[in-house]
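Undergrad: Take a look at the letters that make up each chain.
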Amino acid sequence: MAKCRVCGRRAVIKIYYARTALCREHFIQFYERRVERAMTKYGLVGKGWRVLVAVSGGKDSVSLLHVLKRLSDKMGFEVLALHIDLGIGEFSSRALSITEGLCRELSLPLIVFRIRDVLGIGVPELAKLARRPPCSVCGMVKRYVINAVAVEVGADVVATGHNLDDLAANALKEFLNQNLRGVGKLGPKTESISGIAVGRVRPLYDTPEREDLAYALVNKLPFVRTRCPYVAEDSIERYLKRYLNELDVLFPGVKVSFMRRLASNLSSYYSEEGVRKCRYCDLISSGDVCTYCKVTARVLGEPAGPKTREYIKLLVKAIHLAR
Amino acid sequence: MIVEVVTYPGGELVKVDVGSKDVVPVAVVLRRLGYRPYEVVVTVNGELVTEDDVVRDGDLVEVYKVMSVG
Numbered sequence: 001m002a003k004c005r006v007c008g009r010r011a012v013i014k015i016y017y018a019r020t021a022l023c024r025e026h027f028i029q030f031y032e033r034r035v036e037r038a039m040t041k042y043g044l045v046g047k048g049w050r051v052l053v054a055v056s057g058g059k060d061s062v063s064l065l066h067v068l069k070r071l072s073d074k075m076g077f078e079v080l081a082l083h084i085d086l087g088i089g090e091f092s093s094r095a096l097s098i099t100e101g102l103c104r105e106l107s108l109p110l111i112v113f114r115i116r117d118v119l120g121i122g123v124p125e126l127a128k129l130a131r132r133p134p135c136s137v138c139g140m141v142k143r144y145v146i147n148a149v150a151v152e153v154g155a156d157v158v159a160t161g162h163n164l165d166d167l168a169a170n171a172l173k174e175f176l177n178q179n180l181r182g183v184g185k186l187g188p189k190t191e192s193i194s195g196i197a198v199g200r201v202r203p204l205y206d207t208p209e210r211e212d213l214a215y216a217l218v219n220k221l222p223f224v225r226t227r228c229p230y231v232a233e234d235s236i237e238r239y240l241k242r243y244l245n246e247l248d249v250l251f252p253g254v255k256v257s258f259m260r261r262l263a264s265n266l267s268s269y270y271s272e273e274g275v276r277k278c279r280y281c282d283l284i285s286s287g288d289v290c291t292y293c294k295v296t297a298r299v300l301g302e303p304a305g306p307k308t309r310e311y312i313k314l315l316v317k318a319i320h321l322a323r
Numbered sequence: 324m325i326v327e328v329v330t331y332p333g334g335e336l337v338k339v340d341v342g343s344k345d346v347v348p349v350a351v352v353l354r355r356l357g358y359r360p361y362e363v364v365v366t367v368n369g370e371l372v373t374e375d376d377v378v379r380d381g382d383l384v385e386v387y388k389v390m391s392v393g
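Protein chains in written order, with this note's numbering: chain A, 1 to 323; chain B, 324 to 393.
Bound conformation, chain B alone:
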């Protein structure tokens, strides 16, 4: 499954290959992106989630890196 992730700040779209499973934990997506859970906040379909929640095919995943923007 390819998970489409929008990363902030910036709003860049990143495609993440998470292997053949249909459902993967957010933790897997973060690992593939090289983020540690305490460095980010994640929403799936607009709702805040922890790294233990899961991502399904077609979900909108947004990863917000914790940093000041200006």
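Extracted from the complex, chain A is given alone in its bound form:
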């Protein structure tokens, strides 16, 4: 039986890259301290800030919401949750009910955005009409809605559950594609741009995916345990994650050190040149029209940005979250 390095009790998890094992109590402490340290080190939140947490119902965002709630009193920030119902049948219904249950348990306000209420269709149908892969359309919708809701509630930042493995695999993918501007967006945070974009923060930047899962399980948090029916089985990110984990066993700490070095070197890759305001919805865009308005205009006959923002206004008003 493995023993906890700190107290000698039965260990519940081995942390391979640190060549250590921890009991339940010391694992929770280890996980929460690392998130807190990341938030301080990278300057992710300030006192009195309103933090909108994007919660999909998966292990990462559920763990993120739980740990942020725990840290919010100590660090003096406010937490609100946002869930996007993507209209993917039973998968989405389950994800919504899990998120609602968790927010009730944590006594946190939850905003639920239902894509079908606005577009009349879900992500699978939108992807089909747009002739784009479902994951690409899903990502595009989520990025748009998260930003639009954050602007509307006056959030200071949006926190997402991207973990070390997600970000390291994405960074490698962008290097392989020589999309260096994309690499530059994979830091622990992006900055807000007044009125059109709310900055994103990634408190799990230094946290391996396996530990998000373990944190959700030791705290008995509900989370989605099935795979999205549209998730690509053979995506390059999945292979890269596997290789990075094998590398991390051979060279412990290589993954986290890669991302920490990247975080201190982001300005070599990224500049905010070319940021504009969408002609239709007044939110951030790289061109005259944002991708969300462009795709919905092509597929549905009109850009959906303005009515999406109207719908969000009503949602926010209904739960008295406007600032």
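Derived from the structure by calculation, the hints contain no laboratory data.
In this text the structure is predicted, and so the values were computed from the model without any measurement.
Don't take every hint at face value.
[What the hints assert, rightly or not] Simulated pairs of lysine to aspartate or glutamate, EDC-like, Cα-Cα distance not exceeding 20 Å:
1. K74/A x D156/A
2. K14/A x D376/B
3. K47/A x E32/A
4. K388/B x E237/A
5. K173/A x E246/A
6. K3/A x D375/B
7. K3/A x E370/B
8. K41/A x E25/A
9. K3/A x E374/B
The hints should help you fit chain B onto chain A, whose structure is shown.
TA: Here is chain B on its own, set in the frame of chain A:
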């Protein structure tokens, strides 16, 4: 002993033959399933365990593969 294992994501039930012993380390179950310990998180009867802990007849073993689900 046949160990019944629920694997995630998905919740598929898998029966694993671990030989004639009544008590086996989790590591043996993982090996039979083809998982390496750093790729998964395991619970036995709802409690998180390491691969050095043991599984007994009738235990509920759940193996969570570490990957994003959506």
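Undergrad: Tell me, which hint numbers fail for this structure?
TA: Those not satisfied come down to hint 8.
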